[in-house]
Amino acid sequence: MTSTHAAAPPNGDRRTAKQKIAVRLEPWLYSAPVLILIVAIMLVPLALGVSYAFRDIRLLNPFSGAFVGLKHFRELAGDGAFRGALVNTLWWTFSSVILQFLFGLILALLLNQPFKGRALAQALCFLPWAVPSFLSGLDWAWMFNPVVGPIPHWLYALGIMSEPSNILSDPETAMWGPIVANVWWGIPFFAITMLAALQAIPKDLYEAAEIDGAGPIERFRSITVPFLAPTMAISILLRTVWIANFADLIIVMTNGGPADRTQIVASYIFTQAFRRLDFGYASAIALVLLVLLLAYSMLIVILRQTMLSRH
Amino acid sequence: MASITIEAITKTFGAVPVLHDIDLSIGDGEFVVLVGPSGCGKSTLLRMIAGLEDITAGEIRIDDRRINEVAPKDRDIAMVFQSYALYPHMTVADNMSYSLKLRKTAREKIAEAVGAAAGKLGLDPLLQRRPKALSGGQRQRVAMGRAIVRHPKAFLFDEPLSNLDARLREQMRAEIKRLHKSIGATSVYVTHDQIEAMTLADRIVAMHGGIIQQVGNPLDLYDRPANLFVAGFIGSPAMNFVEGHCRAGVIETTDGSKVAIPDGIQLAEGQAITIGVRPEHVRIVATPEIGTYTARVDLVEPTGFGTIVHVHLLGQDLKIYTLERGIAVVGQPMHIALDSARLHLFDRETTNRIG
Chain A
6 MTSTHAAAPP
16 NGDRRTAKQK
26 IAVRLEPWLY
36 SAPVLILIVA
46 IMLVPLALGV
56 SYAFRDIRLL
66 NPFSGAFVGL
76 KHFRELAGDG
86 AFRGALVNTL
96 WWTFSSVILQ
106 FLFGLILALL
116 LNQPFKGRAL
126 AQALCFLPWA
136 VPSFLSGLDW
146 AWMFNPVVGP
156 IPHWLYALGI
166 MSEPSNILSD
176 PETAMWGPIV
186 ANVWWGIPFF
196 AITMLAALQA
206 IPKDLYEAAE
216 IDGAGPIERF
226 RSITVPFLAP
236 TMAISILLRT
246 VWIANFADLI
256 IVMTNGGPAD
266 RTQIVASYIF
276 TQAFRRLDFG
286 YASAIALVLL
296 VLLLAYSMLI
306 VILRQTMLSR
316 H
Chain B
5 MASITIEAIT
15 KTFGAVPVLH
25 DIDLSIGDGE
35 FVVLVGPSGC
45 GKSTLLRMIA
55 GLEDITAGEI
65 RIDDRRINEV
75 APKDRDIAMV
85 FQSYALYPHM
95 TVADNMSYSL
105 KLRKTAREKI
115 AEAVGAAAGK
125 LGLDPLLQRR
135 PKALSGGQRQ
145 RVAMGRAIVR
155 HPKAFLFDEP
165 LSNLDARLRE
175 QMRAEIKRLH
185 KSIGATSVYV
195 THDQIEAMTL
205 ADRIVAMHGG
215 IIQQVGNPLD
225 LYDRPANLFV
235 AGFIGSPAMN
245 FVEGHCRAGV
255 IETTDGSKVA
265 IPDGIQLAEG
275 QAITIGVRPE
285 HVRIVATPEI
295 GTYTARVDLV
305 EPTGFGTIVH
315 VHLLGQDLKI
325 YTLERGIAVV
335 GQPMHIALDS
345 ARLHLFDRET
355 TNRIG
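If you read the protein sequences in the order shown, they are chains A and B.
So the number in the numbering used here is just where the residue sits in the first sequence, counting from 1, plus 5.
So the number in the numbering used here is just where the residue sits in the second sequence, counting from 1, plus 4.
Simulated from the structure, these hints should not be mistaken for lab results.
Only a predicted model underlies this, so the values are computations on that prediction, with no experimental measurement involved.
No residue lacks a Cβ here, since even glycine has one placed at the ideal position from N, Cα and C.
One or more of the hints may lead you astray.
Heads up, simulated DSS-like pairs for lysine-lysine below, C-alpha to C-alpha not over 25 Å straight-line [unchecked claim]:
id	chain 1	residue 1	chain 2	residue 2
1	B	K105	B	K136
2	B	K124	A	K208
3	B	K157	B	K136
4	B	K124	B	K113
5	A	K208	B	K77
6	B	K262	B	K157
7	B	K136	B	K185
8	B	K113	B	K157
9	B	K113	A	K208
Only some residues are given here: those of chain B computed to face chain A with a beta carbon under 8 Å [claimed, not checked]:
id	residue
10	V74
11	K77
12	I81
13	Y102
14	G220
15	N221
Here are some chain A residues the structure puts well away from chain B; computed CB gaps all over 10 Å [to be verified]:
id	residue
16	R19
17	N66
18	L210
19	G218
20	P231
21	M303
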């Protein structure tokens, strides 16, 4: 009798409350290690950072730490430096991304053509990616310096500059310094992703289009672009968010100057947190940046979904 | 409609030669099948006609116009690819009308041509779908539709049925044949499947190692294969080959059996010979007679319609294809006759047919 009972499918009604709880808990126990890790290293710091935005946290003031509500955000609304940084961020981000993307795509198209020594050329083209950002920032800062670097002299020789001066010290042109360094540094990312996407396009399609009468431009327009579009969208999204948050080159090359003309939101957060040591205010700025980037990401994800569903 | 002339075509990839001195002329409205094992150069030859591969040496002409240097789009040919190569982001209708749009054809004419092609291929209900939403057979049809809307001078098919399952392949094969009968366009069709070649072709071009082995109508290749390669490639189950030497007026096989030399064939004493005999031409006889052989049945493979019987005879695993059922029992002896008129003799040195 007992053996038949044991073999019968477990009947919910007969189980004790303890057993029911155990069954309910089982999946949670299995996933607990991962959940604890995620909570501990992602959610807790995030919540803590968000909470700082509503508290008065200044490292040099031992009596700070009180809850201040929306005070930081009210301050932010009237902060001219923040608004300037917001505009600079747009300029910095979009010119960097667009130029990186264009050059990366051109490079990928070139590297997708068979030629002698292609493997070596590919390796060389992807090299900037391996250079630490601080190092490339320093390199470029020196290259723009007329005392040690060649670029101002070239620009002067080409007649673009009236005298060999440092573009980083001119408020009108300073932003182009970090942008050029960033473009140089970021091209390989787009080249790699675009090349991978290009190589996934079946060669037959180009041949069929060639026989159908499509020239090189028409083939690019009607085959390459539709095939690359989803990859373009996702890599541009990733790069935009990454570059908007990317202050290394600016900190190293201009430190936000001259006259805040290269100050972006990310470097402004850095300045507020680590120069003025006002963690509360810095967290409030970071929260605003987070919301803006989330909104932007949603937009791109929706765009990509519509594009993919057309395939 | 056009004729295609291929003259002394040679192709090398780097230092690797793939086609040697190919000569072939394809008549107006003819359906020619290039057949051979993978790597024999048949696809390369087709792609050279299409303009997708450079011509190393020689000349290709369409209607007496040299096209070596003409761009693919100006050759006025259409090609159906093994992978179909449909544009995935375009609907069936857009796929079919793409070439006409690029040629700036009037909108009404495009609609008319697409409608006619869709009607012919039964694609009407699918015109607004994308390739992703089609089955393999439907994609195949769209690929053909895309080729026929343009009324090109010639159709090129590159193993168009290889990606379909057996039943669908049979169906599409018949459809391609019907389509060719109704359109009558010059067609060059590449396949590795000898059944496709036999059923579709007006003329078969059997290729091996970058060389044309034999050109002829399907039954010619079946009845009088020019060499060992063609003999072994055409026909299923494949032809049996028995090795022997000419000794004292008969052919002595490796196991010492003797096979009479067919009438009208002269062999040199000691000449190395390969005898070819098709499984369907080996006769099973009820009682032993003079000139028949006796062998034990090794294996019986029923195919439904017929039966393939394997026996060990003449130093070979000899296959026999018979329509009689229950005639062979594994382990039992069987009497076998070879009709000398049905034997194919090949010189083993040159591999060429004798007589």
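- Message: Hint validation: N221 of chain B versus chain A, beta carbon distance must be below 8 Å. Holds or violated?
- Response: 29 Å, violated
- Starting from K113 of chain B, check that the Cα of K208 of chain A is at most 25 Å away, please. Cα-Cα ~30 Å, so violated.
- Report holds if the minimum CB distance from R19 of chain A to chain B is greater than 10 Å, and violated otherwise. 51 Å, holds
- Item | Given pair status - K136 of chain B, K157 of chain B, alpha carbons within 25 Å | 30 Å, violated
- For the hint on V74 of chain B, does the least C-beta distance to chain A fall short of 8 Å? 12 Å, violated
- Regarding the assertion that N66 of chain A does not contact chain B, is the least Cβ-Cβ distance greater than 10 Å? Non-interface label on N66 of chain A holds, nearest chain B Cβ at 60 Å vs cutoff 10 Å.
- Message: Can you verify the interface hint for Y102 of chain B: is its Cβ closer than 8 Å to any Cβ in chain A?
- Response: Holds - the Cβ of Y102 of chain B comes within 8 Å of chain A, reaching about 5 Å at its closest.
- Message: Holds or violated: K124 of chain B and K208 of chain A, Cα atoms, limit 25 Å.
- Response: Since the Cα atoms of K124 of chain B and K208 of chain A sit roughly 29 Å apart, the hinted pair is violated (cutoff 25 Å).
- Against chain A, with CB atoms and a cut of 8 Å, does the hint on K77 of chain B hold up? 4 Å, holds
- Item | Pair hint K113 of chain B and K157 of chain B, alpha-carbon separation not exceeding 25 Å | Since the Cα atoms of K113 of chain B and K157 of chain B sit roughly 18 Å apart, the hinted pair holds (cutoff 25 Å).
- Satisfaction of hint between K157 of chain B and K262 of chain B, Cα-Cα up to 25 Å: Between K262 of chain B and K157 of chain B the Cα gap is close to 55 Å, so the pair fails against 25 Å, i.e. violated.
- Query: Minimum Cβ separation between G218 of chain A and chain B greater than 10 Å?
  - Reply: It is violated; G218 of chain A is separated from chain B by about 4 Å at its closest Cβ, not greater than 10 Å.
When held up to the earlier numbered hints, the structure conflicts with 2, 3, 6, 7, 9, 10, 14, 15, 18, 19, 20 and fits the remainder.
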